[in-house]
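Residue numbers (this note's numbering), protein chains in the order written: chain A, 180 to 430; chain B, 180 to 430; chain C, 114 to 633; chain D, 114 to 633.
What you were told as hints is all true, and nothing was included just to trick you.
One side of the interface only, derived from the structure: several residues of chain B facing chain C at Cβ under 10 angstroms:
hint : residue
1    : Gly296
2    : Ser297
3    : Val357
4    : His365
5    : Pro390
In case anyone wonders, no lab produced these hints; they're calculated from the structure. Cβ atoms here follow ideal geometry from the backbone N, Cα and C, with glycine treated the same way.
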Amino acid sequence: MPRSVDLTAVVPYADHLDDGLVQLSFTLPVPYSLAARKAALELAGKMGFEDPEVVHYQQLTDGYTYFVMYGRCVQSIDFTELQGDGFDIEYMSEEEIERFAEEQVGRAIVVVGASTGSDTHSVGIDAMLNLKGYHGHHGLEGYRSFRTYNLGSQVPNSVLVAKAIEVGADAILVSQTVTQQNLHVHNLTELVEMVEAEGRRGEMILACGGPRVSNELAKELGYDAGFSKGTYPHHLATFIVRELASRVAAG
Amino acid sequence: MPRSVDLTAVVPYADHLDDGLVQLSFTLPVPYSLAARKAALELAGKMGFEDPEVVHYQQLTDGYTYFVMYGRCVQSIDFTELQGDGFDIEYMSEEEIERFAEEQVGRAIVVVGASTGSDTHSVGIDAMLNLKGYHGHHGLEGYRSFRTYNLGSQVPNSVLVAKAIEVGADAILVSQTVTQQNLHVHNLTELVEMVEAEGRRGEMILACGGPRVSNELAKELGYDAGFSKGTYPHHLATFIVRELASRVAAG
Amino acid sequence: MSNSKLGLDPGVVSACRQAARQIAEQVSEQVAGRTTVSVERSVTRLLGVDGADSLDVPLPNVLVDHVHDRGGLGRGVAYWIGNAMLQTGRTPQQIAESVSAGELVLTELDLAEERAIHTRVMEECAARLKDISGRFEERRAMRERLGDSPAPLRYVLTATGDVYEDVVHAKAVAEAGGDIVAVIRSTAQSLLDYVPYGPTTEGYGGTFATQANFRIMREAMDEWSEQHGRYVRLSSFCSGLCMSEIASMGAWEGFDNMVNDALYGILYRDINIVRGLIDQRVSRMINGYFGVVINTGEDNYLRTADAIEAAPSVTASQFINHQLAHESGVPDSQIALGDAFEIDVPVRNSLLYQWAQAQLTRELFPDCPVKYMPPTRHMDGNLFRTHASDTLFNLVTIATGQGLQTIGVPTEGIFTPHIHDRVLGLQNVDYVFNAAHDLGEEIEFKQGGVIQTRAQEVLASAHVLLERIAQTGLFRAIEQATFGDVSRSVDAGRGIEGIVTVEEGYFNPVVELMREVSYA
Amino acid sequence: MSNSKLGLDPGVVSACRQAARQIAEQVSEQVAGRTTVSVERSVTRLLGVDGADSLDVPLPNVLVDHVHDRGGLGRGVAYWIGNAMLQTGRTPQQIAESVSAGELVLTELDLAEERAIHTRVMEECAARLKDISGRFEERRAMRERLGDSPAPLRYVLTATGDVYEDVVHAKAVAEAGGDIVAVIRSTAQSLLDYVPYGPTTEGYGGTFATQANFRIMREAMDEWSEQHGRYVRLSSFCSGLCMSEIASMGAWEGFDNMVNDALYGILYRDINIVRGLIDQRVSRMINGYFGVVINTGEDNYLRTADAIEAAPSVTASQFINHQLAHESGVPDSQIALGDAFEIDVPVRNSLLYQWAQAQLTRELFPDCPVKYMPPTRHMDGNLFRTHASDTLFNLVTIATGQGLQTIGVPTEGIFTPHIHDRVLGLQNVDYVFNAAHDLGEEIEFKQGGVIQTRAQEVLASAHVLLERIAQTGLFRAIEQATFGDVSRSVDAGRGIEGIVTVEEGYFNPVVELMREVSYA
Ligand code: B12
Ligand code: B12
Ligand SMILES: Cc1ncc(COP(=O)(O)O)c(C=O)c1O
Ligand SMILES: Cc1ncc(COP(=O)(O)O)c(C=O)c1O
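Work out the full structure: start from the sequences and follow the hints.
See the structure below:
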């Protein structure tokens with residue numbers, strides 16, 4: 180008979196339920212040798228994998244060896260706890276958002292956005308804000324209920340914060356694409372600190388986005404939300420109007 | 180200045196020394212959702228990864244989600260210990276083996292090999308034993324110092340052991356390719372048990388091979404050595420003549 | 114051929130066909146006058162016998178062994194069943210059960226008049242075939258209603274060993290665009306001289322082909338097809354010692370495709386040549402009759418012989434297999450000849466040679482769908498290397514318009530695929546089929562260039578080979594390791610003891626009924 | 114063009130060239146009579162000035178600012194240096210150091226006779242250029258001795274931000290067959306109006322282009338080349354506010370290639386149009402003079418505009434860039450025009466369109482090497498999807514015979530590549546270049562098929578566009594968002610304050626010396 184998944188103790192599935200197989204790959208800065216292979220196996224062991232196996236390894240250059248491995252993960256996750264966690268957001272459509280905003284906020288919502296620091300990647304923030312939008316979905320500029328300011332790219336955090344204060348923004352929207360050496364973390368942190376230093380953190384929604392920004396990371400850095408690949412303008416708009424409505428409701 | 184690798188505490192290298200980045204991928208038997216993503220992140224956390232990140236995830240079918248992730252491995256390996264471990268075997272050439280065998284063994288070395296059980300993959304054992312060999316390297320049949328019996332594929336363990344006893348084999352060579360559900364482990368274990376039951380374990384070298392056989396696994400199962408992808412006949416021959424020579428020396 | 118992209122010589126092509134016809138006719142003569150235990154078991158199955166005894170021996174085996182032990186198989190099992198039906202008034206299933214229970218000895222019953230027996234059995238068998246055909250009609254209607262995918266169809270293996278896991282994997286395949294799910298068999302089922310009974314969850318490298326497993330898969334995929342509005346086909350293996358039986362089981366359960374090639378068993382499982390070819394003949398007849406597409410196994414040769422050197426043997430084998438299939442009544446549209454993308458990765462211009470070979474197969478057999486297999490032999494644990502080879506494989510598939518394509522997966526060199534590996538493979542297929550959709554139409558090959566020259570050379574060598582085989586006969590050619598570098602002799606091999614010389618009065622209702630409507 | 118695979122109309126092609134020539138001439142007129150601070154700084158560099166002051170301000174900046182602050186830059190920095198050399202007998206480097214130390218004010222020295230100044234400076238500059246040329250000669254000899262790879266050359270980026278890490282990555286690239294290592298710059302170096310000094314280890318998304326970093330890379334790669342008997346080229350970026358200075362630095366350190374395109378800075382870094390084009394002119398002159406290959410940046414347009422719609426703008430820009438490069442004395446063999454494989458993955462027949470575009474570029478500029486860029490915009494975190502796109506990209510590269518190819522890596526959509534990612538990318542390149550080695554020779558495109566039609570349409574639209582730009586001028590076209598969907602106006606943008614109108618008696622020894630031997 181078919182066995183069924185125990186959602187309180189989920190492990191990876193490859194060929195059979197509960198086989199736990201995980202693929203991993205990495206480079207070790209050690210010379211290509213049988214000893215290198217052994218090191219990779221031991222390291223996988225330390226990561227908690229059982230029966231780790233090297234299926235491919237090769238020299239990259241003197242002293243560097245690349246591995247492709249498989250191992251059996253014996254840790255498990257209680258999925259039932261996460262399910263309840265309200266993660267599966269229901270997004271509103273453009274029309275629903277307009278109606279909701281009218282009813283629950285009742286005034287133009289002002290947002291200011293930019294790609295900050297030295298980042299010249301503007302396609303992400305443009306996708307959210309410009310009329311053209313993304314994959315056939317309008318950007319916020321096209322919503323009746325929003326008034327948008329898109330400052331473009333390479334915008335210093337100070338300029339963005341000043342503009343937000345100037346126009347009395349309800350939300351600041353930041354895009355970050357270059358993440359090497361955690362550049363985005365530095366940039367995003369600086370912005371929050373500036374807003375706080377100005378004493379405006381309470382008045383404004385702070386949201387950020389980018390291919391390697393997650394909601395978790397955003398919250399950790401002091402933002403209200405973070406958005407990653409696959410975001411459409413109405414996702415962002417849903418979040419903003421709901422958040423504003425609840426703030427309005429809370430007085 | 181360039182930093183140098185600390186071989187007593189090696190961690191994975193991706194972009195920078197000691198960044199520890201590892202790529203992993205796996206499927207979880209949970210529905211495609213933000214909760215699934217969260218589960219993957221938590222699981223990576225349990226594997227000991229810091230800053231785990233989902234760079235791609237997708238639904239496979241209802242209730243199954245595939246993930247590609249990166250995480251920072253904080254465990255390290257003392258490579259200096261492994262280096263000393265004699266892993267970097269020096270193989271002899273065909274000529275060296277012939278000479279060594281003449282001098283140190285002094286008689287024909289008899290080996291019997293097969294692909295056992297239901298396994299019909301004979302290319303691996305043929306590569307080791309047949310004259311044609313592998314990638315331009317002779318198989319043992321072509322060595323003056325060896326007398327070889329290749330029983331082919333689909334050979335029951337009992338037949339292989341009987342043949343080995345019959346011809347007074349110095350070594351039994353087993354090939355195993357089908358490994359799903361650990362079929363190879365069952366087959367290989369059975370053979371060792373048979374040889375032991377016959378009271379012949381001491382007299383014979385047992386070696387096995389196959390794409391997913393490792394030296395470690397072989398030893399764990401009671402073999403003297405295991406050989407994986409990339410093995411050439413002279414690797415196997417080097418091992419056999421050295422082993423025999425030391426047994427001869429030990430009396 | 115008139116607008117051949119390869120500049121093939123029509124004279125050489127028809128000489129090849131002529132030689133292949135000769136070879137096939139010789140084979141027919143050489144296997145004539147014999148039946149096998151498994152052919153007889155498939156007759157019992159198509160008369161409606163199913164189930165197993167308390168020791169898990171399938172009733173078709175019980176029945177056929179019963180007759181065989183008593184020296185009666187030379188007349189054909191149908192004769193004895195027919196007689197018993199007349200004498201006892203029971204159905205074939207009831208007869209089998211009684212025999213199994215030891216309550217009935219078929220060879221000891223009074224014998225009815227021959228004509229009467231024949232008529233009774235034919236009537237019973239015709240009714241069964243009609244049932245099955247009716248179910249296939251419904252299935253064709255379903256396929257039309259849900260809509261059919263254009264070629265190349267995406268053919269995907271599952272191989273977990275557990276039929277319930279295979280269902281999960283098959284759904285992932287369907288969701289990612291797979292058109293045909295093939296449940297790979299547990300290793301060495303080829304060697305069993307019976308078909309296991311019931312659902313199974315413990316196979317290695319594949320899942321046992323049992324009727325229950327077929328049914329479980331079929332129901333699951335039909336459900337998926339209805340829910341998602343796209344028909345998903347199923348496939349399994351008619352190979353080994355039970356070729357024709359599995360063909361019958363597949364027919365009962367509405368399988369759309371069947372790997373069907375005796376040569377695989379002969380070469381790689383050491384099955385006796387004659388046994389294999391007799392079983393294949395009946396097995397293909399059954400597949401052909403119900404509209405099931407058969408896949409032949411030439412691709413396997415390239416797993417053990419060098420793909421560049423062995424190319425002519427692949428082409429020659431395709432000609433022979435094509436004729437053998439015709440002789441069993443399988444029309445072109447149901448003959449998916451085997452071919453593979455197996456040239457070693459570092460070979461200079463390998464893509465050109467692959468392209469030449471793939472195009473050659475298409476031009477030689479324009480009405481056959483061709484089963485094109487992915488790179489596997491030279492693949493290893495470097496998942497990215499395999500994925501790159503699969504990309505070019507997909508390109509050749511679409512550019513040469515193959516009929517069906519077994520997809521490649523990144524883990525080809527290591528595992529039977531993990532659930533996501535096939536999805537990654539199918540995404541690659543989708544991408545390439547779409548990106549290069551009309552590439553085949555768009556390009557022409559240089560006159561006398563590498564591709565044309567290669568194709569012409571392979572054809573010429575295949576021709577020489579076919580002429581030689583027409584001289585010596587297929588059996589001798591197999592002995593000479595013509596295919597896959599493997600040699601087998603005609604008087605050895607597994608299953609030889611299951612060959613039975615037919616006696617005066619032998620008859621086989623399945624063959625008789627099917628030949629009536631056979632392909633002319 | 115006579116045996117064009119695409120059936121291009123030679124009349125249209127020459128009309129395009131004609132329009133581009135007109136556009137380039139207009140640009141020359143529009144930027145004439147002006148110099149920039151960075152052009153002047155590169156003059157100081159080519160007179161031998163190097164180093165930085167205690168605040169890390171590079172001496173070329175100290176010197177040029179010193180003259181500029183005193184209103185003297187209209188005569189050119191060479192005039193003041195030459196005068197100081199005559200008056201003080203010091204070398205340019207000593208002069209710069211004295212100025213930096215506040216011991217010398219160039220504009221307050223007595224003024225020598227103009228002719229004498231000119232002669233002295235020309236002599237000094239010629240000696241420096243000769244030094245550099247000599248080193249390039251040695252380098253060419255080394256390249257010949259070690260053997261050169263055939264096109265397409267494999268161009269690979271490193272981008273760790275730490276020059277010492279870049280060395281490690283570059284060695285892995287070399288080992289895996291990379292021909293050219295390009296050290297990507299730290300983000301926003303474009304915006305710095307100076308070149309940082311010394312070795313650096315803290316860049317983001319790339320490593321600062323400094324002379325010390327250039328030297329470290331060059332030494333490491335020369336060592337590798339000698340050890341392994343294969344010459345590895347180096348490349349960096351002449352873009353941003355210091356185009357001509359970086360060209361001089363690259364020349365000193367023996368860099369073989371340079372990305373050199375003002376449009377990148379203008380469109381994506383908001384650098385002023387005029388500033389960009391003046392800097393580019395001198396920068397290209399320097400690259401051209403020493404035999405350095407320049408890479409242009411048309412590929413970038415396809416990262417922000419749709420690759421199908423924007424194709425004519427790419428072709429038009431190639432025509433213009435080609436003429437602008439000619440005007441700066443760069444011969445065809447050193448002009449690697451930009452192009453990219455950037456059509457969105459799900460587009461039906463995208464491979465055919467890519468092929469058409471790639472072939473078009475080759476046929477329009479048969480003697481230019483072309484820099485062909487990998488899919489990046491539509492790549493995501495699915496590493497296998499990216500690798501499959503890279504495989505087809507590699508196929509088009511080899512089949513159309515591109516001059517150099519920036520390789521794709523599986524992580525393109527996520528990270529600057531990890532050390533092994535480039536190796537995986539290079540293995541893919543190796544595989545495809547080898548497997549499809551002679552494919553380009555082998556195939557012809559159907560007359561009036563998808564590929565020919567597409568290429569002809571793109572050319573026709575490019576022609577219309579070029580005629581329009583020839584009417585309105587390049588500046589207006591940029592304002593109208595013709596390239597990359599980005600609009601920039603001529604009187605705004607960064608670096609505009611660094612433009613200096615030249616006065617009577619202005620001279621620039623670098624330009625004068627280089628024009629003598631310039632390409633006719
Ligand atoms: C286009 C592009 C460029 C263009 C940018 C033009 C422009 N005006 O934007 C140009 C050519 C100028 C460029 C230059 C460089 N680039 Co670039 N570039 C890309 C590329 C190809 C596509 C990015 C893109 O437009 N994606 C499409 C948009 C729609 O996706 P997105 O940004 O993720 O946005 C979505 C979500 O993230 C989210 N989102 C994003 N922002 C926000 C904000 C808010 C508030 C919300 C709610 C949501 C949200 O919603 C969007 C829609 O779903 C990527 C590769 C790739 N495939 O990602 C490399 C890439 C981003 N570039 C990279 C680099 C390194 C550079 C350079 C720094 C290289 C160099 N040193 O020279 C330069 C300089 C740029 C700089 N300093 O900023 C790296 C970044 C590596 C890293 N992780 O650090 C990448 C990943 C390429 C690579 N693999 O190396 N680049
Ligand atoms: C060729 C082949 C076949 C041929 C075999 C013909 C033959 N006579 O050998 C045929 C077509 C018959 C076949 C059939 C099947 N195959 Co098969 N086959 C392969 C293939 C393509 C190549 C294997 C090969 O020959 N490699 C070349 C040799 C030289 O390499 P090697 O065996 O690793 O040997 C080297 C080392 O391992 C070592 N070595 C090996 N043995 C020994 C022994 C000793 C003593 C020593 C010292 C060294 C040593 O040295 C050798 C040289 O370096 C692989 C895919 C792949 N790329 O690996 C699939 C593969 C092995 N097959 C597979 C499967 C599942 C099957 C089937 C079971 C499928 C089915 N259910 O129908 C069938 C049935 C076979 C069976 N039950 O055994 C799977 C195995 C999955 C798994 N890990 O369990 C693979 C990996 C394909 C896949 N991805 O699904 N197959
Ligand atoms: C034609 C054919 N039949 C059958 C099989 C399955 O093999 P077995 O049942 O012998 O394990 C294969 C596998 O490669 C095949 O190609
Ligand atoms: C032509 C060109 N110049 C320069 C760069 C690097 O950019 P920056 O220095 O502005 O970060 C790029 C990167 O895409 C480019 O294409």
